[in-house]
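Trainee: Chain by chain, the residues:
2 protein chains.
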Amino acid sequence: MAFSPALTGLIDALRVLPGVGAKSAQRMAFHVLQREREGGRYLARSLEQALACIQHCRDCRMFTENELCDICANERRDPALVCVVESPADVMAIEQNTDFRGRYFVLLGRLSPIDGIGPAELGLDILRERLSRGLVTEVILATGATVEGEATAQYVADLARQHNAGVSRIAHGVPVGGELEYVDAGTLSQAFSGRRPI
Amino acid sequence: MAFSPALTGLIDALRVLPGVGAKSAQRMAFHVLQREREGGRYLARSLEQALACIQHCRDCRMFTENELCDICANERRDPALVCVVESPADVMAIEQNTDFRGRYFVLLGRLSPIDGIGPAELGLDILRERLSRGLVTEVILATGATVEGEATAQYVADLARQHNAGVSRIAHGVPVGGELEYVDAGTLSQAFSGRRPI
Ligand SMILES: [Zn+2]
Ligand SMILES: [Zn+2]
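Protein chains in written order, with this note's numbering: chain D, 136 to 333; chain W, 136 to 333.
So that you can see chain D by itself, here it is in the shape it has in the complex (with noise of 0.2 Å):
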């Protein structure tokens, strides 16, 4: 005996979330079944939405439903500095803590050999066409403090250096082997403005 064909379905389909095993699976599609049938649709409703409009903006890499996201769209944002971050989570994470006016450009990972993540997958060449207009003054390197973090900072360091762009890299605070986004603000924001030249 087994669980009807569409319950296997949808406890089969939850595991596509990251974290997500066959006990949370089964657990998830209960609850919904029992007492979330709303909140299900809803759900559902938002994936397909999300999926059918949600782009990459063009300049940044960020998601959007339009060609640019609010920030490269946005003209008050200084084109010269340019903040380089692992993921939209990050954007998110200085926006609310700093005041940081410039724009960003959104990697959506970190350089990684063994599972296959090289330039091309980060969207550096979109980076280097941005660079090679030459208004670019300041790239800021906001990327984790992990092995492969400063080794993605260490590439985009030196793509920015041949475009004659200045070179940043936020120090001060971010502890060691962390993840950017679970920083508290005051330390983000300190290590922000503690950012030197390297």
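It is possible that part of the hints are untrue.
[Said to hold, decoys possible] The following label-pair restraints were derived from C-beta to C-beta distances: (1) W:G154 <-> D:E210: 39 to 45 Å; (2) W:Y317 <-> D:E210: 17 to 23 Å; (3) W:E210 <-> D:A187: 58 to 64 Å; (4) W:P248 <-> D:Y317: 38 to 44 Å; (5) D:D319 <-> W:N201: 50 to 56 Å.
Quick caveat, the hints were computed from the structure, so don't treat them as lab data. Even for Gly, the Cβ is constructed at its ideal location relative to N, Cα and C.
Given chain D, work out where chain W with the ligands should sit, using these hints.
Mentor: Then chain W with the ligands, alone, in the frame of chain D:
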């Protein structure tokens, strides 16, 4: 600056899943948008399909696409034995690890007055109706060994006795305070065969 409306909606919707907080919802949304777009569509379709066609079995409350679940529809399953469990996962665990060939009743919860979960919420009028037909000779109580699970077992035992059905409680092996679905196969099998009248 905030995430785009479709992304904000998706992150918000993912929080209907149990155990998913703001950070996990964000991570799940990014993961689906970056790496699992096909999987995300599969999840949306599976959710919609499950919500559209999965109901509760008329006799035992198990999830099913049909009026009766596979077990209740199976005439070779003994209708004189009814095993009462808290969740559909418990049915699966018993089916996979014991040779029980009777039927079930799935409470979809346990008595919890503080949370507003009383006999009606556990569908006990359906069980009463089944007992009143006079065909049930033994009700096997397989609710969890928690305070609420024991109180629920006690309530169902009284109900069974009112209808002159024998009552037993699975006994050995289920650790006190433990949830049934996490018990290993051998322990559960032993607990089942070692049940005794109460
Ligand atoms: Zn952008
Ligand atoms: Zn049934």
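Trainee: Give a verdict on every hint.
Mentor: Hint by hint, here is what the structure shows:
Checking the proposed 39 to 45 Å range against G154 of chain W and E210 of chain D shows it holds: the Cβ atoms sit about 43 Å from each other. In this structure the hint that Y317 of chain W and E210 of chain D lie 17 to 23 Å apart at CB is violated, the actual value being about 57 Å. Look at E210 of chain W against A187 of chain D: about 47 Å separates their beta carbons, and that is not inside 58 to 64 Å. A hinted range of 38 to 44 Å for the beta carbons of P248 of chain W and Y317 of chain D is consistent with their spacing of about 39 Å.
In this structure the hint that D319 of chain D and N201 of chain W lie 50 to 56 Å apart at CB holds, the actual value being about 53 Å.
In this structure, the earlier hints numbered 2 and 3 are contradicted, and the remaining ones agree with it.
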